[in-house]
Each structure stands twice: as structure tokens, then as C-alpha cells.
Amino acid sequence: MNSSIPLSSIPLSLATRLLHWSVALLMIGLTLLGYLMVKFEIWDLYALHKSLGVIALVLILPRAIIRLGKGWPTPVRQYPAYEALAAKAIHWGLLVSTLLIPVSGLCYSGAAGRGVALFGWFIIPMNPDINDPANVIPYSESIRDIAHTVHVYLPYIMLALLLVHIVGALKHHLLDKDLTLLRMLGRK
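Going left to right, the sequence shown walks through residues 784 to 971 as my numbering numbers them.
Please note: incorrect hints may appear among the correct ones.
Ranges between beta-carbon positions, derived for each pair [to be verified]:
1) Glu-924 <-> Ala-869: 36 to 42 Å
2) Leu-868 <-> Glu-924: 37 to 43 Å
3) Tyr-922 <-> Ala-869: 39 to 45 Å
4) Trp-904 <-> Lys-954: 41 to 47 Å
These are calculated hints, taken from the structure and not from any lab test.
Glycine residues also receive a C-beta, built at the ideal position from the N, C-alpha and C atoms.
Make the full structure from the sequences, and use the hints.
Printed below as a string of C-alpha cells:
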């Protein structure tokens, strides 16, 4: 990095901003959709939930690869060590949870024998019971059970991390008066 450029003047790429906001909106939407479809037993929403989950994973994978390879963008300014550590922990927690939630959903639905389709195109085939075609036979009950537990409870952790992330962004904007939030919005 060129040290003559103030940290706050380094813009985020359009791809970075689009991936950030797309993943954020998809994960919030999928969590809400998942809650509603289970709470109110709206079975017709499952196919949409799975399709959007596959799309989310397709967006999250390059984001995760970029973060693993290049790390996170340079902060707009130097922060106290405790704040930098907290930000790093929250960012890693969000990255891991947004990756594991759709992966666990694919594993859960696939291992349960229910299959996974992207708007009708099967990625993981169903495993129908030939004696009772209305039912499916799990490929693996143990994987199904573990993946189900992760898929049900990890979104709560992700939402807690997201809340801290939002509070942190607002702190930077309102109290610190730095450009962290504006940079993620593509403004100067």
C-alpha cells in the first residue's frame, strides 16, 4: 500500500460492495423466510428457500475465497487494538456463518433425501421411497441430523454478529465520524 494515500481515500471496488450487500440482504431474507416457512408451515416456500440458498452460496464462495486470499479491506483509519480485534472477530464470524448456513442447508436437505433444486433444476437428487413415492429415504441420517442442527441454530449466531456489525458501522459513522459506512455505500 502506498503510505502517502490516506487510508480513508482508498475506495472499495464495486464488486466488493455488491457482494457485501447482496450477501447481507440474501442472508437476512433467507433467515426470515426460513423462520416464516417453519413457524407457519408454509411448505410452498421451501423450494424458494432452497433456490435462494444456492444463489447465496454462489455469491458467498467468491467472497470467502477473496477474503481468505487477500484479507479484509484496509480500514479507513487506525483503530485501538481492542476495536481492531473485535472487528476481525466479527468479520470472521460473519464470513464463516454465511458460508456454513447454506452449506448446512444443502447437506441437510440432500442427506435427508429431499434433494436440492435451483428453481426446478435438481442439483442434489431426491431419494424417493419406491414403496411410498410421497416419502423420501434419507441418504444419511447422521449427516442430516448434524446439518439440521447447524442450519437451525447458526442463523441466530449470524444475526447476533450482524447486529454487532451494524452497531459498529453506526458507531464509526455517528460517533467517530469516519468514512467506514460511506465507503461501503460507495460514497466519499
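Going down the list of hints, with the structure as the test:
The beta-carbon spacing between Glu-924 and Ala-869, approximately 39 Å, falls within the hinted interval of 36 to 42 Å. Checked against the hint of 37 to 43 Å, the C-beta distance between Leu-868 and Glu-924 comes to roughly 40 Å, which is consistent with it. A beta carbon spacing of about 41 Å between Tyr-922 and Ala-869 agrees with the range 39 to 45 Å that was offered as a hint. Checked against the hint of 41 to 47 Å, the C-beta distance between Trp-904 and Lys-954 comes to roughly 44 Å, which is consistent with it.
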